[in-house]
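*Asks:* In case you want the letters, here they are:
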Amino acid sequence: MRNGITFVHSADLHMDSLFKTKGHLPEELLERLRAGTFEAFDRLIQVCIKEEADFLLIAGDVYHEELRSLKAQVHVRRGFEKLQKHGIDVFVSFGNHDFTSGTEHAVSFPENVFLFESERVQEVPFYKQGELLAHIYGFSYETRVVKEHKAQEFQKTGHPPYHIAMLHGSLESNTDHDVYAPFTLEELKRTGMDYWALGHIHKREILSADPLIIYPGNTQGRSQNEQGPKGCYVIEEQEGEWVHRFQPLHSFVYESVTVPVPPLENPNELERVLENVKHHVAESGGSVMLSVTIEGSGHQWKRWWSSGVMDEWKDIVNENEDVTEGGWVWIEDVRLDERISWTEEDLHGPHFTGEFLKKVNEADDEALDSWLAPLYDHRKMSRFVPSLNEKEQAEVLEKAKAMAVNQLLGSGDDGFDHT
Amino acid sequence: MTALIIHNLYIHGFGKWSGFSLSFAEDRPNIITGKNEAGKSTLYHFFLYMFFGLPPKQREAYMPKQGGGLGGTITVETAEAEVVTVERFHDRYKGQAICRTSLGVEHGEEWLRDQLNGLDRESFEAIFSFNADDLRHLETLSAESLGETLLDIGLTGSDRISRTERWLEKKVEERFKPQGRKPVINEQLHKVEDLYKKTRSLEKEEQAYLHLLEEKQQAIEEIEASGMAWREKTNALYRTEQLLKARPALVNYHQGLEELQRREFIVFPDGGMERYRQLKEKILPLQSEKKLLTSDVEAGKEKLKALAAAYQPQRLEEAALLLKRRPESEKLGYEKERLHKETEHRQEELSKEVQSLDIPLTVDDLDDYTFPFYIEETWRELKNEEQTLVQERAYIHDQSMDLEREFQYVETKKAELEEEMIGEDEAAALQYKIQEASETAAANRATRNSGKAGRVRPNRAALFVGAVAVLLGGAAVFIGGGSVVWLLLGVMLSIGLSFYASRLPQNVQPQISDSREKDVERAREKLREYETQRTEWKHVHDQWKQLNHEDIRLQEKESLAAQRRRRLEAQVTEQRSLYPFLTGLDVKHWEKLFHKVVQLREKRVEYLQAVKRIEELERKQDGMTEDLKTFHRRLDWEILDHTVRTGWNELSGWIKQQEHLERDVHQQKEALEALERRLKKITYQLQGYLEECHQLFGECGVESEQDFYKRAEEAETVRKLQEDVAGYQFQIDGLLSEEDQAHADVWNQVPEESRLLTDIREIKRDIEHLETQQSKARQHLADIHSRLDQMENSDERSALTHHYQAEKEKLKEMAKEWAGYQAALQALKETKQSYQSTYLPAVLAAAEDYFRTLTDRRYESIAADDPGRGITVLDSEGMLFAPGELSKGTRDQLYISLRLALGETMAGQRPLPFFMDDAFVHFDERRLQKMTTILQGVSTRHQVLFFSWRSDLQQVFTDANIQQLK
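Keeping their order, the protein sequence lines are chains L and B. Sequential numbering from 1 applies to the first sequence in the working numbering. Sequential numbering from 1 applies to the second sequence in the working numbering.
Chain L on its own, in the form it takes in the complex (with noise of 0.2 Å):
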């Protein structure tokens, strides 16, 4: 007797993974954020119970390196405990944000979850009512880094009715992210297996329909970096259709929009355009972090960006959000179009502005590096701020631009206009 197969595919749960936050937060914000991987998971429990999964699959990165905190572990393992109620096992491999080497696992896990514990692919046999239904396969990585194909270690074995792949690691063509274990889709098809559970990217994605080879991306977005919906993938299997299905796990979701603006009087006026922006994105319900990228002409903008007016009138809006509710928005982050730039063409005259900003302009790296070292090669500030990256320098060339430009011009220093 054979009844289909039905499980849920997850990885990168990055339990209690911190997050990159901008700007000042309320403290009950910060707390949302916080239990925004505990939630997930509590979720992604509760998904495998509704659909009385066979079996959960977890490819990689349960923990997050920075911390992987008691309570992580505690929670996971309570989390499995349920399961282990419902009769759900549970297969585990680690990734490279919580390979075996590393933090030793203080918590253990109950019966049912199976740990592949090596670097080596192991199969694991899974059975249902007492009968063979399925052989999982994985490994685990050992130390932060794999660079090994592992693809050809997944060999077939005996002859259960499905053969199921863990794998965390990259496709060798992906250039975005620093590549484990990598593969080619090629080396996966090869293989014969009927499933592959990917882990490690954390945007997901369908890398082949036939057999299916998903990466279900990560539970929940921890910055901007990683919008959209976050969850994890139902599969089942009935009559040799492969039925897959996403299902979100995340608290809130990280967003960004970007929003034309015609030239402004008063900065008083950018409460409602943010307002508005909110209100558009409050309209699909749940809880956003939400960045918001102006699109607009008039050098007034930059003045106000520089001047940090905007973020003022960000900090008014944000101030009336109830972040203990769900559906809330919270407006992380309030940035300009790249294409609004000085009009240099207003400085030209008065020889020194040009001079300025001809002598910003073409700062190098090292020119900046060596205006920024009191800070930045502090040896204590060194230590939790790390030097900044490319987009991180321009940006602050641009601040430093419009301050000086707006000071030299004397168009006061606040940047509200008085007159």
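Calculated directly from the structure, the hints in this document are not laboratory data. Treat each hint with caution, since some may be false.
Below, computed lysine to aspartate or glutamate pairings styled on DMTMM-like, alpha-carbon distance capped at 25 Å [said to hold, decoys possible]:
| hint | chain 1 | residue 1 | chain 2 | residue 2 |
| --- | --- | --- | --- | --- |
| 1 | L | Lys-20 | B | Glu-187 |
| 2 | B | Lys-829 | B | Glu-817 |
| 3 | L | Lys-380 | B | Glu-187 |
| 4 | B | Lys-191 | L | Asp-333 |
| 5 | L | Lys-20 | B | Glu-193 |
| 6 | B | Lys-40 | B | Glu-125 |
| 7 | B | Lys-816 | L | Glu-295 |
| 8 | B | Lys-816 | L | Asp-337 |
| 9 | L | Lys-358 | B | Glu-122 |
| 10 | B | Lys-94 | L | Glu-265 |
| 11 | B | Lys-816 | L | Glu-226 |
| 12 | B | Lys-170 | L | Asp-377 |
| 13 | B | Lys-816 | L | Glu-265 |
| 14 | B | Lys-829 | B | Glu-193 |
| 15 | B | Lys-816 | L | Asp-369 |
| 16 | L | Lys-82 | B | Glu-792 |
| 17 | B | Lys-829 | L | Asp-369 |
Beta-carbon label-pair distances, calculated as ranges [what the hints assert, rightly or not]:
| hint | chain 1 | residue 1 | chain 2 | residue 2 | range |
| --- | --- | --- | --- | --- | --- |
| 18 | L | Thr-293 | B | Asp-194 | 30 to 38 Å |
| 19 | L | Asp-369 | B | Asp-849 | 38 to 46 Å |
| 20 | L | Gly-354 | B | Asp-849 | 22 to 30 Å |
What you are looking at is a predicted structure, and each value in this text was computed from that prediction instead of being measured. For each residue, glycine too, the CB sits at the ideal point set by N, CA and C.
Given chain L, put chain B in place with the hints provided.
*Replies:* Okay, now just chain B, sitting in the frame of chain L:
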């Protein structure tokens, strides 16, 4: 000319001026002189107003004193050599400038700004206008500040750069100082560091989780170990305490054992006393019973003797036999009596019956007559014969009567027919006639007629057969004992049928038709009638013949019947002679009488037999009575004259008495035997018990009962001791386990009490110690549990780390903000430096030129090399002077030189007019002369507008456009 040139102006109204116009020279200095309050300054501000406009408030100061609108026009020639009229009125175009070219093209404010190098009013003033007051700062200037002031003045027309720099510096320092604590970033850093340390310590604490798990395991093991030790000690305590409890029993046990050992060995069987008691219990009743039985036997024997004397068994048998005949004798008596009565009754009945016959017959006659077996039959036949004869006589009579009637009928009928009938001849004629007619007629008819005749004949035959059958049937019935009627009926029926049958053929006669045929038909008719009559006549004739026959037969029968009667009468007479009582009695009653007589005869025989039986019975009875009397005599009883019945009764009474005696004797004998058997048994039993008793004594080695008791007492004491010892042993067993017994060697020694007490104290102390230890370990385990639990449920590390992360992010943000300010500051500084290094030497070189000229080469050069020090000048003799060391006039000259140099150097691609105000206050005539030369030189490059109160200037400036203001 590529510079901007002001050709003329017209003031519509501005301050004191209205409707005022002036023209300006292009390439020589324009000098405007006038005393104080002459309106030089207003004129200067009019130019600025025209170029840059004025905020409305400031305009108020220049509203025309004589009224009218504020405003005016200036005509300029642009760098591109285009002449443009610039018009600005307070009340037109919102005070905006309108620039009209000669071609009529209009430009606005922005175009104007472009013409002015994009400078604003401040910058313009800073570069292109200077006055005596500016020179006052010169004395305090360091080289650096000079440079900067010059930059300020030269580049932005104010000190904006340094203000900006200072602002940036403030911003930077507010945020961060590498060594500071106060700035916000330093504070934030401190905070982050703190948080970091805390997270580290929490992290370590969590790492201690594993250690804690181990500790937990250890604690559990420790608790188990101490628990085990505690159980052991508790067991030991229990053992020792039990030993202490068992000690009295042990003491007694050992004492008892010693006592037993002291005792001699006593032979006394187990349960001997009990055995003896039981024997005694059995012997005593047996002995008394034996005595009783012996006396009973004696008494029984006496009684038996007495009974045996009266008992006569041999006579009893005889009497019993005799008595057995009594019922028979009595039965005989009864029978005799009954028979006697019966015979009397019968005699009487018989005579009555004989009389009732009423025939000449007596009872005694019955004995005389014999009635052989055939008599009855004979008498019956006689009776039947007589009856038959009577009937036959009647029958014959009837028959003869019938015959007579029939004769008459037949003869009549015959006579009638003979009369009606035609003669035979006539019939033959008719026959012939028909025959003739028929022969001519169809032969076929003959066939048909023959067919018809053939068909009828069998029918007729059948009817005859039926008639015969009926007749036979009737005869058969008659013969079979039926009445004559049946026979007659049969005869008549058969006659009827025969008659009918004979008539049948008449129906089928051939027919003759036609007129001729009518004769034939008639003949035929007649013939047919003749034939019918003839047939009938024949039939009647036959009947007549038959009747004749019958009459003859009847006469025969009559004679036969008379013959039989005679025979009958002879026989009757014979019988009457044999049995006279038949005389006078009709024969038909004889048979019945026979039966009666026979019955009476039988009754008579029975009577005679009964009389015989009575006689026999009397004989038998008499025999028995004689036997009884004989027996009486033999017993010598008094033969009294009483009835046989009394004799029988006496006999029966005696027998009963003897039987009673016999039973008594028997019973007595049996009782005696039983007693004797019992006595024998008891004696035997008693013997056994006595022997057993003897044996018991033997076993104990005693002779007498007294000795036995004594010995028993001694044995009892020993037994009790043993029992005590065993009891103690049992007690000890109950208190101490086998192991404990072995351990303390209790069966060989008694443990000392003091030692036991000491042991108990020590063990108790140990237990107490263990308990304390265990409770401590438990507490420790509980602590570990609660710590583990706390750690597992603690949100602290996560919360703190996230907090740390947020603060770190904040620090990063702040650093980034700082970086903006810092970058701006550093860029500004570098720009300044490069700016200075690019432009300052040129400015200085030009200034040196002017200064040298002005000072007649007394001073050779101006230096600003050392940023730490002020500007220095070097005189022709190589002496260095700080500006302060120079004379006031020289200082002014230095300033003018620098100012001109700056203006010229920084003027940019569009040289604008220089506006100077009383710049040469302190110049002496010679130097003023030099100055005019310089200004005239400058004028070739820039238009120069010079405002002065000095009236002597027109003598000094040889080639200048000098205009005097009133």
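*Asks:* Indicate, hint by hint, whether the structure satisfies it.
*Replies:* Do the hints match the structure? See the list:
1. L:Lys-20 - B:Glu-187: holds, 21 Å
2. B:Lys-829 - B:Glu-817: holds, 19 Å
3. L:Lys-380 - B:Glu-187: holds, 12 Å
4. B:Lys-191 - L:Asp-333: holds, 24 Å
5. L:Lys-20 - B:Glu-193: holds, 18 Å
6. B:Lys-40 - B:Glu-125: holds, 16 Å
7. B:Lys-816 - L:Glu-295: holds, 23 Å
8. B:Lys-816 - L:Asp-337: Distance of about 19 Å is within 25 Å: holds.
9. L:Lys-358 - B:Glu-122: Given pair Lys-358 of chain L, Glu-122 of chain B holds - Cα atoms ~23 Å apart, limit 25 Å.
10. B:Lys-94 - L:Glu-265: holds, 20 Å
11. B:Lys-816 - L:Glu-226: holds, 23 Å
12. B:Lys-170 - L:Asp-377: holds, 21 Å
13. B:Lys-816 - L:Glu-265: Distance ~29 Å between Lys-816 of chain B and Glu-265 of chain L Cα, so the pair is violated.
14. B:Lys-829 - B:Glu-193: With a Cα-Cα distance of about 32 Å, the restraint between Lys-829 of chain B and Glu-193 of chain B is violated, given a limit of 25 Å.
15. B:Lys-816 - L:Asp-369: Holds, at roughly 13 Å.
16. L:Lys-82 - B:Glu-792: Answer holds: Lys-82 of chain L to Glu-792 of chain B is near 17 Å, not above 25 Å.
17. B:Lys-829 - L:Asp-369: holds, 15 Å
18. L:Thr-293 - B:Asp-194: 30 to 38 Å: Hint holds: Cβ distance 36 Å, inside 30 to 38 Å.
19. L:Asp-369 - B:Asp-849: 38 to 46 Å: Holds: the Cβ-Cβ distance is about 43 Å, inside 38 to 46 Å.
20. L:Gly-354 - B:Asp-849: 22 to 30 Å: Distance hint for Gly-354 of chain L, Asp-849 of chain B holds at roughly 27 Å.
Of the hints listed earlier, those the structure fails to meet are numbers 13 and 14, in rising order.
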